[in-house]
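Novice: Sequence:
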Amino acid sequence: MPSKHPFHDLARLPLFDLSTEEISLEKQVTQSLERAKAIQTAYCLTETDIRTLSQVFWRMHIDPIVCLDPAATSLLTIQLNLSAGTLAAYVDDQPNHRPLLQCMLRFEVSGQFCLTELDHGLDAINIETTAFCQPDGSFVLHTPHPGAAKFMPPTSPCGIPCYAIVFARVIKQGTYCGIRGFVVQLTDGRRMAAGVTSRVLPPRRGAHFVQHCITSFNMVRLPQTAMLGTLDGTGDTRLDFFQAIWRVAIGSLAIGSAAIPILQMSAYIAGRYSQRRRVHNGGKLVPIISFKTQNAPILTALAQAAVLKAFFQTAIDIFTADAEDPRVKHGIAVIFKVTAIQHGQAANLELSERCGAQGLFHHNQLSALFADMRGIAIAEGDLLGTSIRLASELVLGRYTMPESINPESLLARHEIGLLSHCRQVLATVGHHRSDAFSRMLLPRAQKIVQSIGHRMAYDAAVAAGVDQAMVDLYLRTAIRTDEAWYSEHFGMSAEVQFAQEDEALSTALPLLDSWLDATNVDPYVRAPIASDARWKGFVDGLTVMTRQDDLRGVEDAEYNDMIRAHL
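With UniProt numbering as the guide, the letters of the sequence shown map in order to residues 1 to 567.
Keep in mind the hints are simulated off the structure, nothing from the lab. Among the clues, some could well be false.
What the hints assert, rightly or not - Straight line, CA to CA, 20 Å or less: simulated EDC-like cross-link-like pairs of lysine to aspartate or glutamate: (1) Lys447 x Glu393; (2) Lys309 x Asp472; (3) Lys292 x Glu353; (4) Lys37 x Asp188; (5) Lys309 x Asp522; (6) Lys329 x Asp49; (7) Lys309 x Glu483; (8) Lys447 x Asp502; (9) Lys172 x Asp240; (10) Lys27 x Asp188; (11) Lys292 x Asp472; (12) Lys292 x Glu503; (13) Lys329 x Asp382; (14) Lys27 x Glu108; (15) Lys292 x Asp502; (16) Lys292 x Glu501; (17) Lys292 x Asp513; (18) Lys37 x Glu108; (19) Lys329 x Asp317; (20) Lys447 x Glu483; (21) Lys172 x Asp232; (22) Lys172 x Glu128; (23) Lys309 x Asp467; (24) Lys37 x Glu26; (25) Lys27 x Asp17; (26) Lys292 x Glu350; (27) Lys447 x Glu403; (28) Lys329 x Glu393; (29) Lys37 x Glu47; (30) Lys292 x Glu495; (31) Lys329 x Glu403; (32) Lys447 x Asp482; (33) Lys172 x Asp136; (34) Lys447 x Asp382; (35) Lys172 x Asp236; (36) Lys536 x Glu108; (37) Lys536 x Asp522; (38) Lys329 x Asp240; (39) Lys37 x Asp17.
Keep in mind that this is a model prediction, so the values were computed, not measured.
With the sequences and hints as input, model every part of the structure.
Specialist: What follows is the structure in structure tokens.
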């Protein structure tokens, strides 16, 4: 039978069938690196794909293969988007870096991106790693104190040479010249480069293993050509900084899109398990999928995945438009990521619980996906921190997001209502840097961003012609995330909202099987609970410990007496 998806063969490779649970951390690092290379080999992203953000580039990030080894996905997106993507912007003017770029695309080297520091996360514009410009034009890269060490990127030896784009403050003749990226070799594959120190962090328990590190530099000499770009800049060091790290915004959008296959995978596993699992009800065995408490989160997750997929394409279109304000592009990336991760985390946690004790085990994938999604929520800026920055700028009116194509929809009116209320509060409290602004508005930031995301997702789904039952269910579940607001402003009581959601769920339930099939994620599912065949194979493969000889001394009559006594 032909594959329904051109890249399904990836999931069938022996490399992706190997479990990571019983191998050493060192082997997990190698395995994830090999998997990342295999994904790039299948997609064969070129320099042009990386630079122009082609549809193939975006499609790779929502391939369900990302669910099988999120560690490989992390390595992949760091290497191709952040490292190779940053390098690609300079190779026309600095062709000496093109061979390294090609090596990154072929995974002959490991590419890393060293921006944030222990003392500087979202405030990366204040990083303290310093590059001192020498009289001959070369540089000396130095970490001035432990808090200025680069945090998270896996920079320790991994078997192939490792090169990083390291961001540092440039000091020339005692004058600060802004922040620039530098190409730095960190390892030769087996040993650290001179002056570079990498401290390997303990693993994140429950998540797929990425060998995160704390990296510091001790007077590392770099040639003049190591610096990306020039020191001329625009004269605005803040603008120069954000232009230098522009691939981070792309990363927010790309990595947030992993929520789409995670939603599909979680819903599929919980859905198939719920069709298999039966309980006594009214004197007969019935599948638990027949209960609303079981089918509602599954249907909701499937609807959210479909709507988010339409939103993702809309976000890509806005993000890649040349004429769009860069601040709006970054805002779209933040909104999409916050919305997608909000849906993904809530759905995955509930679906895992709906599978009872089975949902706790790593081999059933649900708990592992949740742990990995926590990492995605932090990567490229945590949800709350990025929401505070974006919501503050929108409330202050510094720029606006694209207007709704359905301005009379409930979700559009909700978004407008929240922003209007916060602007009224701002007018009352005064300056946006006041303590009152911090107390009254910042706690509402994430809800504001989510409201914009719900509206944009709904608009995108309507425009794309997504299944009306999915759109209706998405609308009703989005409304229920802020029940009090709709009750207070639209007179929709909690009971009315509940009834409308129930109607949407009842309409969707007969479509469950077709919705599950349409995810096309079955080739990527390894969870034993998803099918009878998988469960049998799993149980047959478990370690068996028993003693059959214990029963040899019990005669049949004696055994029957024991049973009767018990009854």
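Novice: Indicate, hint by hint, whether the structure satisfies it.
Specialist: These are the hints, each one checked on the structure:
no.: 1; hint: Lys447 x Glu393; in the structure: holds, 15 Å
no.: 2; hint: Lys309 x Asp472; in the structure: holds, 16 Å
no.: 3; hint: Lys292 x Glu353; in the structure: holds, 15 Å
no.: 4; hint: Lys37 x Asp188; in the structure: holds, 18 Å
no.: 5; hint: Lys309 x Asp522; in the structure: holds, 18 Å
no.: 6; hint: Lys329 x Asp49; in the structure: holds, 19 Å
no.: 7; hint: Lys309 x Glu483; in the structure: violated, 25 Å
no.: 8; hint: Lys447 x Asp502; in the structure: violated, 24 Å
no.: 9; hint: Lys172 x Asp240; in the structure: holds, 17 Å
no.: 10; hint: Lys27 x Asp188; in the structure: holds, 19 Å
no.: 11; hint: Lys292 x Asp472; in the structure: holds, 17 Å
no.: 12; hint: Lys292 x Glu503; in the structure: holds, 12 Å
no.: 13; hint: Lys329 x Asp382; in the structure: holds, 18 Å
no.: 14; hint: Lys27 x Glu108; in the structure: holds, 18 Å
no.: 15; hint: Lys292 x Asp502; in the structure: holds, 9 Å
no.: 16; hint: Lys292 x Glu501; in the structure: holds, 11 Å
no.: 17; hint: Lys292 x Asp513; in the structure: holds, 15 Å
no.: 18; hint: Lys37 x Glu108; in the structure: holds, 9 Å
no.: 19; hint: Lys329 x Asp317; in the structure: holds, 10 Å
no.: 20; hint: Lys447 x Glu483; in the structure: holds, 13 Å
no.: 21; hint: Lys172 x Asp232; in the structure: holds, 12 Å
no.: 22; hint: Lys172 x Glu128; in the structure: holds, 15 Å
no.: 23; hint: Lys309 x Asp467; in the structure: holds, 12 Å
no.: 24; hint: Lys37 x Glu26; in the structure: holds, 17 Å
no.: 25; hint: Lys27 x Asp17; in the structure: holds, 15 Å
no.: 26; hint: Lys292 x Glu350; in the structure: holds, 13 Å
no.: 27; hint: Lys447 x Glu403; in the structure: holds, 18 Å
no.: 28; hint: Lys329 x Glu393; in the structure: holds, 14 Å
no.: 29; hint: Lys37 x Glu47; in the structure: holds, 16 Å
no.: 30; hint: Lys292 x Glu495; in the structure: holds, 17 Å
no.: 31; hint: Lys329 x Glu403; in the structure: holds, 14 Å
no.: 32; hint: Lys447 x Asp482; in the structure: holds, 9 Å
no.: 33; hint: Lys172 x Asp136; in the structure: holds, 11 Å
no.: 34; hint: Lys447 x Asp382; in the structure: holds, 14 Å
no.: 35; hint: Lys172 x Asp236; in the structure: holds, 17 Å
no.: 36; hint: Lys536 x Glu108; in the structure: violated, 41 Å
no.: 37; hint: Lys536 x Asp522; in the structure: holds, 17 Å
no.: 38; hint: Lys329 x Asp240; in the structure: holds, 17 Å
no.: 39; hint: Lys37 x Asp17; in the structure: holds, 16 Å
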